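Asker: Sequential numbering from 2 applies to the sequence shown in our numbering.
Hint data in this document are derived by calculation from the structure and do not stem from the laboratory. There may be inaccurate statements among the hints.
Claimed, not checked - Now the in silico label distances, taken between C-beta atoms and shown as ranges:
{"no.": "1", "residue 1": "G87", "residue 2": "T122", "range": "18 to 28 Å"}
{"no.": "2", "residue 1": "A118", "residue 2": "D98", "range": "36 to 46 Å"}
{"no.": "3", "residue 1": "G142", "residue 2": "R96", "range": "30 to 40 Å"}
{"no.": "4", "residue 1": "N101", "residue 2": "R81", "range": "27 to 37 Å"}
{"no.": "5", "residue 1": "H117", "residue 2": "R96", "range": "38 to 48 Å"}
{"no.": "6", "residue 1": "G154", "residue 2": "R96", "range": "14 to 24 Å"}
{"no.": "7", "residue 1": "H117", "residue 2": "S174", "range": "27 to 37 Å"}
{"no.": "8", "residue 1": "G115", "residue 2": "H183", "range": "14 to 24 Å"}
{"no.": "9", "residue 1": "H194", "residue 2": "H117", "range": "19 to 29 Å"}
{"no.": "10", "residue 1": "V186", "residue 2": "G142", "range": "20 to 30 Å"}
{"no.": "11", "residue 1": "R116", "residue 2": "T157", "range": "19 to 29 Å"}
{"no.": "12", "residue 1": "G143", "residue 2": "R166", "range": "32 to 42 Å"}
{"no.": "13", "residue 1": "R166", "residue 2": "T114", "range": "29 to 39 Å"}
If you're wondering where the values come from, they're calculated on a predicted model, not measured in any experiment. Ideal placement from N, C-alpha and C gives every residue a C-beta, glycine not left out.
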Amino acid sequence: MGRQIVNHIRPGGSTVILRPAIGRHLGTTRPVRRGGFQEDYVIRFAPRLAAAAAVTAALATALAGPASATGRHHLPVGHRSPVVLGAVQADSPGRDDGSNRSLNAEWVTVKNTGRHAVNLTGWTLTSRHTHATYRFHLRLGGHQQVRVHTGRGHDTMRDVYQDRRTYAWDNHSDTAVLRDDHRMVVDTKDWNHR
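Please build the complete structure, drawing on both the sequences and the hints.
Answerer: In structure tokens:
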């Protein structure tokens, strides 16, 4: 027989693999040697495992059901929001003098890359460095964008204002974090100009 591996099936469906190498019986720490060959009961419980896998697959399919069965639409795994952060101007041009004009020259763009409008009410835009947070109260149309300014002003379809009297973004290094109304991070944008 030499150094061949010999497989044979025992009555009851278990498979025995005979190897000339010394090894350990699966699931134990004691070596098993018979006639100079090691017996590994690799597929001893194959019929039981196959039945268990079939039952598990059937149960998972039955429990999953259609998404509409629960009354809520579940997004597929890996789904990304069509709303993303766009261009950022964290350092307003000129000297940071704290004027409303200088504050409003600091902004972050939020874009809807999808075809359908998205209600941003309850969404937030936050600076990781200064912790300044803006809460949205608007509906962003499909393929539209809105610029979020730091200072005071009158909100329009294209520009909204945080009505802050201090700067919201660090000029040199910061991260803008966009969260949805469930506080889930939708997008981030960082910059480091040091």
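Asker: Determine for every hint whether it applies to the structure shown.
Answerer: These are the hints, each one checked on the structure:
| no. | hint | verdict |
| --- | --- | --- |
| 1 | G87 <-> T122: 18 to 28 Å | 20 Å, holds |
| 2 | A118 <-> D98: 36 to 46 Å | 38 Å, holds |
| 3 | G142 <-> R96: 30 to 40 Å | 36 Å, holds |
| 4 | N101 <-> R81: 27 to 37 Å | 36 Å, holds |
| 5 | H117 <-> R96: 38 to 48 Å | 42 Å, holds |
| 6 | G154 <-> R96: 14 to 24 Å | 20 Å, holds |
| 7 | H117 <-> S174: 27 to 37 Å | 35 Å, holds |
| 8 | G115 <-> H183: 14 to 24 Å | 18 Å, holds |
| 9 | H194 <-> H117: 19 to 29 Å | 36 Å, violated |
| 10 | V186 <-> G142: 20 to 30 Å | 23 Å, holds |
| 11 | R116 <-> T157: 19 to 29 Å | 22 Å, holds |
| 12 | G143 <-> R166: 32 to 42 Å | 34 Å, holds |
| 13 | R166 <-> T114: 29 to 39 Å | 33 Å, holds |
Consistency note: the structure conflicts with earlier hint 9 alone.
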